[in-house]
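Take the sequence shown: its letter number 9 is residue 26 in the numbering used here, and every next letter is one higher.
Check the hints yourself; a few may be wrong.
Heads up, simulated EDC-like pairs for lysine to aspartate or glutamate below, C-alpha to C-alpha not over 20 Å straight-line [to be verified]:
no., residue 1, residue 2
1, Lys28, Asp69
2, Lys95, Glu65
3, Lys101, Asp86
4, Lys95, Glu109
5, Lys100, Glu114
6, Lys28, Glu66
7, Lys28, Asp86
8, Lys103, Asp86
9, Lys39, Glu60
10, Lys95, Glu110
11, Lys105, Asp90
12, Lys28, Asp116
13, Lys39, Glu65
14, Lys95, Glu66
15, Lys103, Asp87
16, Lys105, Asp116
17, Lys39, Glu56
18, Lys28, Glu56
The set of hints was computed from the structure by calculation and includes no laboratory data.
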Amino acid sequence: MGSRLRELQLKTGIWSDRQFGKFDRRPSSLRHLIREVNEIIEEPDDVEEYADALILLIDAARMAGIPADDLLDRCFEKLEVNKKRKWKPADEEGVYEHD
């Protein structure tokens with residue numbers, strides 16, 4: 018799986034640099050990501066919106082110098098950290114936070 022994510026990050030980076038220029042677009046990419054997440058909230062079964070969000074996230078990570086495999090490794094590590102945490106009840110928006 019890591020190699021497919023790496024391939025997606027590479028192909029996304031090549032396309033986005035050609036389309037938008039080779040400069041740090043992280044602020045605009047992350048603002049766009051917020052918009053995509055809001056679209057997911059409105060249409061939670063639309064896989065295309067999740068794909069848009071993932072593309073924006075891995076491209077922002079690329080611009081930060083974070084390879085896809087490193088990001089994926091850190092996700093697995095973070096999952097183990099989260100499993101060990103104590104979690105508060107959901108707030109009024111249904112969001113769970115850890116202690």
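Outcome of the hint check:
Of the supplied pair hints, the one linking Lys28 and Asp69 holds, its CA atoms being roughly 14 Å apart against a limit of 20 Å. With a C-alpha separation of about 25 Å, the suggested pairing of Lys95 with Glu65 is violated against the 20 Å cut-off. With a C-alpha separation of about 24 Å, the suggested pairing of Lys101 with Asp86 is violated against the 20 Å cut-off. Between Lys95 and Glu109 the CA atoms are separated by roughly 25 Å; this puts the pair beyond 20 Å, and the hint is violated.
A distance of roughly 13 Å separates the Cα atoms of Lys100 and Glu114; the hinted pair therefore holds under the 20 Å criterion. Using a Cα cut-off of 20 Å, the hinted pair Lys28 and Glu66 holds, with the two alpha carbons roughly 19 Å apart. Straight-line distance between C-alpha atoms of Lys28 and Asp86 comes to about 14 Å, which keeps the hinted pair within the 20 Å bound. Restraint check for Lys103 and Asp86: not satisfied, since their Cα atoms lie roughly 28 Å apart, outside the 20 Å limit.
The suggested pairing of Lys39 with Glu60 is violated, with an alpha-carbon distance near 32 Å, which exceeds 20 Å. As the CA atoms of Lys95 and Glu110 are separated by approximately 23 Å, the hinted pair breaks the 20 Å bound. For the hint pairing Lys105 with Asp90, the CA-to-CA distance comes to about 26 Å; that exceeds 20 Å, so the pair is violated. Of the supplied pair hints, the one linking Lys28 and Asp116 is violated, its CA atoms being roughly 39 Å apart against a limit of 20 Å.
Distance hint between Lys39 and Glu65 is unfulfilled; the C-alpha atoms sit about 26 Å from each other, more than 20 Å. Of the pairs offered as hints, the one joining Lys95 and Glu66 is violated, with about 24 Å between alpha carbons and a cut-off of 20 Å exceeded. Under the criterion of a C-alpha separation no larger than 20 Å, the hint pairing Lys103 with Asp87 is inconsistent with the structure, at around 26 Å. In summary, the hint linking Lys105 to Asp116 is supported, as the alpha carbons are separated by about 6 Å, within the 20 Å threshold.
Annotation: proposed proximity of Lys39 to Glu56 is violated, straight-line Cα distance about 27 Å (limit 20 Å). In summary, the hint linking Lys28 to Glu56 is not supported, as the alpha carbons are separated by about 24 Å, beyond the 20 Å threshold.
The earlier numbered hints that this structure contradicts are 2, 3, 4, 8, 9, 10, 11, 12, 13, 14, 15, 17, 18.
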